[in-house]
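Colleague: Each chain, written out:
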Amino acid sequence: MTETDNIVVETAEKIFADLADPQTINADKAETWKAPLWQALSESGLPLSWVPEEFGGSGASLAEGFGVLNAAGRAGLAVPLAETMLAGWLLAQGKIAAPEGAMTIAPAHPKDRLTLDADGKLSGRARSVPFAQDAQHVAVLAQSAAGAKIALVPASACRIDRGLGLGGDASDVVTFDKVAPITTAPAPQGLDQTSLMLMGAVARSLQIAGALETLLDRSVTYANERVAFEKKIGKFQAVQHNLAKLAGETSAALAAATSAADAISSAEGFDDAVFLEASAAKIRCAEAAEKGAAIAHQVHGAIGFTREHILHRFSLRALAWRDDFGNESHWAVELGRKVAARGADDLWPLVASR
Amino acid sequence: MTAALRFDPIRLPPVCEELRKEVRAFLAEEIAAGTFDPNKPQREDSDAPEFSRRVGERGWLGMTWPKKYGGHERTFLERYVVTEEMRIANAPTRRFFVADRQSGPVLLKYAPEHIKMDILPRICRGELCFAIGMSEPNSGSDLFAAKTKATKTDGGYLINGSKIWTTSAHIADYMIAIFRTSPPTKENRRHGLTQFLVNMKSPGIKVNPIAQITGQYEFNEVVFTDVFVPDDHLLGEVDGAWKQATSELAYERSGPERFLETYYVLTELVRALGSDPDTRGAEGIGRLVAQLHTMRRMSVSVAGMLQAGKEPVVEASIVKDIGTIWEQQLPHRVRELAAFVDGEASNHATLDELTAFATKLAPKLTIQGGTTEVLRGIIARGLGLR
Chain A
1 MTETDNIVVE TAEKIFADLA DPQTINADKA ETWKAPLWQA LSESGLPLSW VPEEFGGSGA
61 SLAEGFGVLN AAGRAGLAVP LAETMLAGWL LAQGKIAAPE GAMTIAPAHP KDRLTLDADG
121 KLSGRARSVP FAQDAQHVAV LAQSAAGAKI ALVPASACRI DRGLGLGGDA SDVVTFDKVA
181 PITTAPAPQG LDQTSLMLMG AVARSLQIAG ALETLLDRSV TYANERVAFE KKIGKFQAVQ
241 HNLAKLAGET SAALAAATSA ADAISSAEGF DDAVFLEASA AKIRCAEAAE KGAAIAHQVH
301 GAIGFTREHI LHRFSLRALA WRDDFGNESH WAVELGRKVA ARGADDLWPL VASR
Chain B
1 MTAALRFDPI RLPPVCEELR KEVRAFLAEE IAAGTFDPNK PQREDSDAPE FSRRVGERGW
61 LGMTWPKKYG GHERTFLERY VVTEEMRIAN APTRRFFVAD RQSGPVLLKY APEHIKMDIL
121 PRICRGELCF AIGMSEPNSG SDLFAAKTKA TKTDGGYLIN GSKIWTTSAH IADYMIAIFR
181 TSPPTKENRR HGLTQFLVNM KSPGIKVNPI AQITGQYEFN EVVFTDVFVP DDHLLGEVDG
241 AWKQATSELA YERSGPERFL ETYYVLTELV RALGSDPDTR GAEGIGRLVA QLHTMRRMSV
301 SVAGMLQAGK EPVVEASIVK DIGTIWEQQL PHRVRELAAF VDGEASNHAT LDELTAFATK
361 LAPKLTIQGG TTEVLRGIIA RGLGLR
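Residue numbers (the numbering used here), protein chains in the order written: chain A, 1 to 354; chain B, 1 to 386.
Careful, some of the hints might be misleading.
[Claimed, not checked] Straight-line distance between alpha carbons at most 20 angstroms, and here's what the computed EDC-like set of lysine to aspartate or glutamate pairs gives:
1) B:40 / B:50
2) A:235 / B:373
3) B:40 / A:345
4) B:68 / B:113
5) B:116 / B:237
6) B:149 / B:276
7) A:111 / B:278
8) B:109 / B:278
9) B:21 / A:345
10) A:291 / B:373
11) B:186 / B:239
12) A:338 / B:237
13) B:21 / A:53
14) A:338 / B:218
[Unchecked claim] Using C-beta positions, here's what the derived DEER-type ranges look like:
15) A:238 / B:363: 19 to 25 angstroms
16) B:363 / A:226: 31 to 37 angstroms
17) A:32 / B:363: 34 to 40 angstroms
Derived from the structure by calculation, the hints contain no laboratory data.
From the three backbone atoms N, C-alpha and C, an ideal C-beta is built for every residue, glycine too.
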């Protein structure tokens with residue numbers, strides 16, 4: 001998968017460049033820029049990339065969709081594109097047609113459990129659900145006596161306690177108090193809550209990697225422009241070494257995220273290989289976000305700390321995305337347990353199998 | 001993008017998986033026969049010459065080189081698999097590794113035909129050991145500062161001066177080294193260095209051992225007193241070795257050997273923590289495995305770029321920078337996590353011993369193949385900052 005020969009990604013990049021460029025965003029304090037952006041995205045079919053045409057989507061491949069999310073990360077995108085894509089994907093797993101409009105997905109936290117009772121009503125509470133207040137529908141993965149179920153729920157039927165994430169995007173608590181779904185379907189064999197978290201983790205990994213690409217790009221550009229002590233700051237060795245480290249973290253995030261996306265795109269289901277790739281990607285991308293955002297701010301100095309500067313739109317989102325669909329500590333414990341259970345002598349064969 | 005960094009997710013093709021099985025079976029046989037102990041990375045490689053020949057017999061040396069020089073015309077990805085399996089098993093590769101990775105490719109590119117026909121097949125048979133003469137006393141990573149002279153004489157050159165930190169010089173048959181053939185110019189500090197092939201049996205060469213803090217012996221000082229090197233042993237351009245030496249380093253910087261040198265402490269940690277570690281132990285393992293997996297995916301991606309005929313100088317430097325920092329920190333992280341190892345763990349003593357050894361080894365890792373500072377300079381240049 002390369003961006004240059006991918007028409008779906010090119011379409012996304014063009015829309016982001018036209019309608020979500022830094023100048024548009026900076027000039028529009030009320031954030032009314034989001035409506036035309038979402039309109040253009042909807043018309044392009046991108047939010048339903050992962051929904052087959054028979055269920056009302058645009059039927060792009062998983063690989064193409066992940067490429068779109070990487071591009072969305074590069075744009076620091078502040079609308080529920082990833083969430084609607086993930087929701088559409090989940091619904092399609094249950095052969096449920098995707099409705100129009102923005103969607104989100106629940107649960108988004110690995111420790112939250114939603115249940116579908118015998119009377120067909122949903123119960124439970126999902127924390128840090130991204131963009132729930134902006135969504136018309138929620139795609140839900142719930143436990144039931146008969147196994148995992150996928151449900152399509154109108155957002156208006158849920159209680160939504162509004163919250164704001166670190167990156168400035170909505171991150172809400174969604175409470176299901178005996179909510180009746182529009183429709184439900186059994187989840188296919190092998191699709192459980194861990195699979196959903198892995199899928200979300202890879203989506204966020206690509207977004208983090210994209211944000212880091214932009215942080216690197218902008219930091220290098222800034223270092224080549226800003227003069228201090230009578231030199232461009234990029235000429236100072238200490239700054240060069242910091243930027244080299246930022247390039248390393250960006251590369252690591254990109255490599256881990258694209259490898260995991262490739263693994264999911266070419267696997268039959270959520271097997272051990274996908275688990276390794278997806279959990280490792282989320283862990284490594286989160287670590288890269290922490291180190292990378294710090295360096296980008298260091299290079300930019302005080303100006304990057306201002307609200308008016310564009311930097312925080314990328315740095316804070318990269319940091320915020322660490323927490324969705326399992327943070328790095330969560331996945332490190334899960335991955336560590338899996339490795340330990342397989343045993344020391346199986347560690348290298350597992351790593352070398354990828 | 002100012003900096004277009006791409007690490008495409010290259011997958012090793014099925015032929016590599018077949019090869020991996022063969023290499024593992026071979027190494028298992030060697031271990032069973034007592035050639036080496038995979039749990040003793042700190043040993044001396046006394047029995048390596050025979051092992052080296054057996055690796056050559058299997059066709060695992062000069063894998064990517066033309067058949068007419070004894071090579072096997074296989075892919076970089078196949079060579080990659082052999083390298084990582086040897087490294088993971090702690091196989092005694094010291095005798096052939098430099099020749100296979102670096103010296104052979106340099107000869108292929110710059111040596112006259114009759115020298116290639118003579119030397120390359122012997123490397124492929126595992127008969128020759130090479131050393132690299134770059135650093136000198138008081139020059140180190142600053143290659144421009146090299147002073148050891150090659151003075152033109154009848155039919156060749158006379159070498160006077162010394163090289164230092166020369167790994168394996170005491171067992172090497174040949175050294176590929178850079179010597180000063182003229183002074184640097186004001187405009188070009190890089191000017192004036194020439195690359196030569198030196199037969200280590202030549203009169204006038206003295207090899208002085210340098211003991212390391214690990215207790216191992218790999219490094220040497222090599223003193224040259226009127227050592228004669230014939231004209232046809234000059235490699236490439238007179239006074240123009242700088243470019244040759246830097247492109248050689250690209251091969252040295254991205255391979256799996258650049259992040260797996262202390263890998264064994266991770267295996268021992270997993271063994272010691274057992275099949276059901278507590279949360280802190282599990283988290284520690286998970287993070288280290290995620291980092292390892294990511295570096296390996298980056299390294300495989302660079303191998304794919306080499307296979308595609310690209311020159312991924314910046315990407316290779318990034319892999320080495322991240323890789324060496326990781327393998328250097330690994331024994332320290334394992335030491336921290338050893339707090340959660342049960343006293344009854346069967347490999348407690350082995351873990352302690354290996355962690356101590358890797359801790360002593362660690363300072364070397366960010367120096368060999370270019371210091372971290374030098375690498376970050378290369379990356380910064382790639383980013384357009386210099």
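Colleague: Give a verdict on every hint.
Modeller: Outcome of the hint check:
{"no.": "1", "hint": "B:40 / B:50", "result": "holds (19 angstroms)"}
{"no.": "2", "hint": "A:235 / B:373", "result": "holds (15 angstroms)"}
{"no.": "3", "hint": "B:40 / A:345", "result": "holds (16 angstroms)"}
{"no.": "4", "hint": "B:68 / B:113", "result": "holds (11 angstroms)"}
{"no.": "5", "hint": "B:116 / B:237", "result": "holds (17 angstroms)"}
{"no.": "6", "hint": "B:149 / B:276", "result": "violated (61 angstroms)"}
{"no.": "7", "hint": "A:111 / B:278", "result": "holds (18 angstroms)"}
{"no.": "8", "hint": "B:109 / B:278", "result": "violated (54 angstroms)"}
{"no.": "9", "hint": "B:21 / A:345", "result": "holds (15 angstroms)"}
{"no.": "10", "hint": "A:291 / B:373", "result": "holds (18 angstroms)"}
{"no.": "11", "hint": "B:186 / B:239", "result": "holds (14 angstroms)"}
{"no.": "12", "hint": "A:338 / B:237", "result": "violated (55 angstroms)"}
{"no.": "13", "hint": "B:21 / A:53", "result": "violated (43 angstroms)"}
{"no.": "14", "hint": "A:338 / B:218", "result": "violated (38 angstroms)"}
{"no.": "15", "hint": "A:238 / B:363: 19 to 25 angstroms", "result": "holds (22 angstroms)"}
{"no.": "16", "hint": "B:363 / A:226: 31 to 37 angstroms", "result": "holds (35 angstroms)"}
{"no.": "17", "hint": "A:32 / B:363: 34 to 40 angstroms", "result": "violated (57 angstroms)"}
Checked against the numbered hints given earlier, the structure breaks hints 6, 8, 12, 13, 14 and 17 and satisfies all the rest.
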